[in-house]
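Line by line, the protein sequences are chains A and B.
Last residue of the first sequence: number 179 in numbering that gives the first Met the number 0, and the count goes up by one each step with no gaps.
Last residue of the second sequence: number 317 in numbering that gives the first Met the number 0, and the count goes up by one each step with no gaps.
The hints are simulated quantities; they were obtained by calculation from the structure and are not laboratory data.
C-beta atoms are modelled at their ideal positions from N, C-alpha and C, and glycine is treated no differently.
Some clues are possibly wrong.
[What the hints assert, rightly or not] No farther apart than 20 Å at their CA atoms in a straight line, the calculated lysine to aspartate or glutamate pairs in the DMTMM-like style are these:
| # | chain 1 | residue 1 | chain 2 | residue 2 |
| --- | --- | --- | --- | --- |
| 1 | B | Lys45 | A | Asp111 |
| 2 | B | Lys52 | A | Asp64 |
| 3 | A | Lys56 | B | Glu42 |
| 4 | B | Lys44 | A | Asp10 |
| 5 | A | Lys56 | B | Glu40 |
| 6 | B | Lys45 | A | Asp65 |
[Claimed, not checked] If you anchor each label on the Cβ, the simulated ranges turn out as follows:
| # | chain 1 | residue 1 | chain 2 | residue 2 | range |
| --- | --- | --- | --- | --- | --- |
| 7 | B | Lys264 | A | Ala46 | 44 to 50 Å |
| 8 | B | Asn217 | A | Asn155 | 53 to 59 Å |
| 9 | A | Ser161 | B | Glu161 | 31 to 37 Å |
For reference, the chains in residue letters:
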Amino acid sequence: MILPDPEQLLDQLYSQLKPRIHDDITLVGIYTGGIWLMEKLLQRLQADFDRDIPHGKLNTAMYRDDYARRGMKTAAQPTHIPFDVTDKHIILIDDIFYTGRTTRAAINELFDYGRPASVQLAVLINRGGAELPIRPDMVGAELPLQAHQAFELSMNTLGRLSLSVIESTPSANHGADVDV
Amino acid sequence: MYNPQLNAQGQLQHLLSIEGLPRRILTDILDTAENFVSVTEREVKKVPLLRGKTVCNIFFENSTRTRTTFEIAAKRLSADVLNLNVGTSSQSKGETILDTVNNLIAMHADMFVVRHQQSGAAHFIAQHVPPHISVINAGDGRHAHPTQGLLDVFTIRKYKPEMHNLRVAIVGDVLHSRVARSEIHALTTLGVPEIRVIAPRTLLPSGVEKLGVQVFHNMDEGLKDVDVIMMLRLQNERMSGALLPSTQEFFQTFGLTPERLASAKPDAIVMHPGPMNRGVEIDSAVADGKQSVILPQVTYGIAVRMAVMAILGGGNAA
Numbered sequence: 000m001i002l003p004d005p006e007q008l009l010d011q012l013y014s015q016l017k018p019r020i021h022d023d024i025t026l027v028g029i030y031t032g033g034i035w036l037m038e039k040l041l042q043r044l045q046a047d048f049d050r051d052i053p054h055g056k057l058n059t060a061m062y063r064d065d066y067a068r069r070g071m072k073t074a075a076q077p078t079h080i081p082f083d084v085t086d087k088h089i090i091l092i093d094d095i096f097y098t099g100r101t102t103r104a105a106i107n108e109l110f111d112y113g114r115p116a117s118v119q120l121a122v123l124i125n126r127g128g129a130e131l132p133i134r135p136d137m138v139g140a141e142l143p144l145q146a147h148q149a150f151e152l153s154m155n156t157l158g159r160l161s162l163s164v165i166e167s168t169p170s171a172n173h174g175a176d177v178d179v
Numbered sequence: 000m001y002n003p004q005l006n007a008q009g010q011l012q013h014l015l016s017i018e019g020l021p022r023r024i025l026t027d028i029l030d031t032a033e034n035f036v037s038v039t040e041r042e043v044k045k046v047p048l049l050r051g052k053t054v055c056n057i058f059f060e061n062s063t064r065t066r067t068t069f070e071i072a073a074k075r076l077s078a079d080v081l082n083l084n085v086g087t088s089s090q091s092k093g094e095t096i097l098d099t100v101n102n103l104i105a106m107h108a109d110m111f112v113v114r115h116q117q118s119g120a121a122h123f124i125a126q127h128v129p130p131h132i133s134v135i136n137a138g139d140g141r142h143a144h145p146t147q148g149l150l151d152v153f154t155i156r157k158y159k160p161e162m163h164n165l166r167v168a169i170v171g172d173v174l175h176s177r178v179a180r181s182e183i184h185a186l187t188t189l190g191v192p193e194i195r196v197i198a199p200r201t202l203l204p205s206g207v208e209k210l211g212v213q214v215f216h217n218m219d220e221g222l223k224d225v226d227v228i229m230m231l232r233l234q235n236e237r238m239s240g241a242l243l244p245s246t247q248e249f250f251q252t253f254g255l256t257p258e259r260l261a262s263a264k265p266d267a268i269v270m271h272p273g274p275m276n277r278g279v280e281i282d283s284a285v286a287d288g289k290q291s292v293i294l295p296q297v298t299y300g301i302a303v304r305m306a307v308m309a310i311l312g313g314g315n316a317a
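So that you can see chain B by itself, here it is in the shape it has in the complex (with noise of 0.2 Å):
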């Protein structure tokens, strides 16, 4: 089957989407992002694999979370890196995507970091590079942020190394999350058995069942004895219509508190994708309380988005 994100060879040549990726390439990643965690602890936090490499980060949607940790993966591994707010710059003057693309291909980018509010962005540009070039979705519309998938599940794996035994509840705004979407088939990838997602039925997209999760909508049910809650943050800003009565209210039903942890096993661990929303998804009592594990996912994050950009970097020279 043709897989926009694999060369001939069957080797990662984008990074799109964690669906269609096999088992044996999310591990590869999540190794090599092994490899990248000391980096940090050494007197020189570098390493010279991208040296004389130029990744772009090209963000038609602001984040300032996301594009910093794919900056500072990038700089550690010694590329130059050059950020594009595409939402305050050309397009603004009427440029389209591929233009702004051919742009800076022409000024010699290796790698584009790539993060838009419209599904399928990321994989249209990469259909329009040439092959020397990758491309990394860092988040587009809906639909898919492949690394923040990554990072989840590599987190799990450092604290529940188990993962064909494991159980593991999502929470919160599954319908406008593509973080949900990417976190659930990385997890079902990588042989997670049992994948629960808590949410009200206003923000669950239809037929969620068909990715092979259990739904619930009470959380004291369906946070019994899991080893792993990962809650979503309220999507305010994508939110339309009436989907909730109020964020308060959500807070009543839907918000991680003590009490409501007590209900998962005792050594549960607790993940946010950030920005967090305290109050609203999640009590700041088990923001900062110790099954929380928020703060090493970010550490993680830039060890997995250095090991895409390493996998992605290299092997390319005849």
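Isolated chain A (complex conformation) (with noise of 0.2 Å):
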């Protein structure tokens, strides 16, 4: 399979966000990949839009159904919104949509702060797989992908993401910033 280079992924995805951007737009990345793209579209809003989009960023940890199998997943990397939720329209950012858990999770967690307008979800891949009546509003790419393996999006430190598909055992999921 040749993996498309996400920075292109992530004009297609742009080009999809840019059109919904009103005044009361806010983003929300969702820990690890949803916040690195999130950084990237704030720098390409910044620039067209020139103003400041509200952001945030989103740690699922606490509400994953999961956690009763695997435990606490342990990063310090703390849920922070720095503005009231409610009556705000969210675009929930994620790199790579699965099963749809992860973004259960996160609409459960953002309800915990405040009663939002609307919540839409941009994510950078869609693999298909959704076991929950969720799916994406934004996508830069469709790539199914087979159950044993899963999509892993990393950034370089000059901040150059790449993607690559690792075989995925349920030991090896356990702790990798994998789409489960």
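With the hints as a guide, dock the two chains, each given alone in a separate frame, to form the complex.
So, in structure tokens, the structure goes:
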């Protein structure tokens, strides 16, 4: 499988995001890949709209439905939402969309901060395999992947994104930032 | 080496003492606690991790504050909480510890938070519970108070992130203090290079140097150029015999006053595990002063206890 350049997928995603920007839009990235993407998107938005878009960071670890099975995923990456979410239109940003369970956890967490006017989902890649009635609204690319495989987005020290496919086993999944 | 606190996979199963815990476990707990600090700033001050679980606070020795912070921590994780003050309950009717615990297990408790006046009580209970139940030591005799030690190092890390570069002084009644023991183990494990204890000879356990600390009997010498001052409470209730002439004299020699605080670095922080004896080990001007982080310690204590419970409560289902 020839993997696309994630920076090009980001162009795709940005072209879908840009027309949706208005005064009450806020962005919320999901750790870790979603934060990288959000920061890159914010740079472009800043250039095109010449203003700061309110944005926050979300760590879904405290809302995951696999906590009882896999335990607490530990990392010092606290959720930080520096604005009142009530009545805001929120665009959630994540790197890979798979089962939809991370999105479910993210929505639950957001609603503990208040009552947003709407929540949309932007992802770099939809790999197929949703297990919940949740689908992304903006997608960089649709790239179906087999169940035993997983995409991994990484960022080098220069801030450049790259994409790889890893063969996932249940234990390899544990703790890695893969699209579970 | 067998460690009763870790399971076969090397994960935390019980929290009984900081002694013997590897650095990665301590760092995991502190990193996880970072995520819980912000929970209290939200509209809904709860996360669903322990939904449907029952946490049982069994306090054989009274401690309103510690019990309250464990209770808040468990409730913010959505657990149901049972508080048992056993001192006023069945034990006074003659029930053994294990009978008390087994009754609670039969009521499907999932986690025990145990305080006992005897060292080793939490360890004893941990050895007798089934594997899906976790035990947290909330203070046992003079032995350990691991969550207090953890919240203290969490507070230090918040204000002084470069822990490998710190000089820390622990001041006061080290002899009776399980808090001091847990603090010393936590600081050592996390790589703090210089730990001092400052106390009269009568309030130091023999061989305290073996824990890797420098001993001082003079406040001005001991506090010189330290980054962190950790005060201890003078434990009147554990005092027997003539260890001190009087609390007034203790304050004269070992009380933390603004003048003595001036020996420390200008940006040194002052900590105290509470409850404070104002005018005995600490002067009000210091306790309420701008270098004091005593109330942040309480706030961080909840986040740290949430982290411990969250780590212990997950990953148990098959």
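Quiz item: What are the numbers of the hints the structure violates, in ascending order?
Solution: 4
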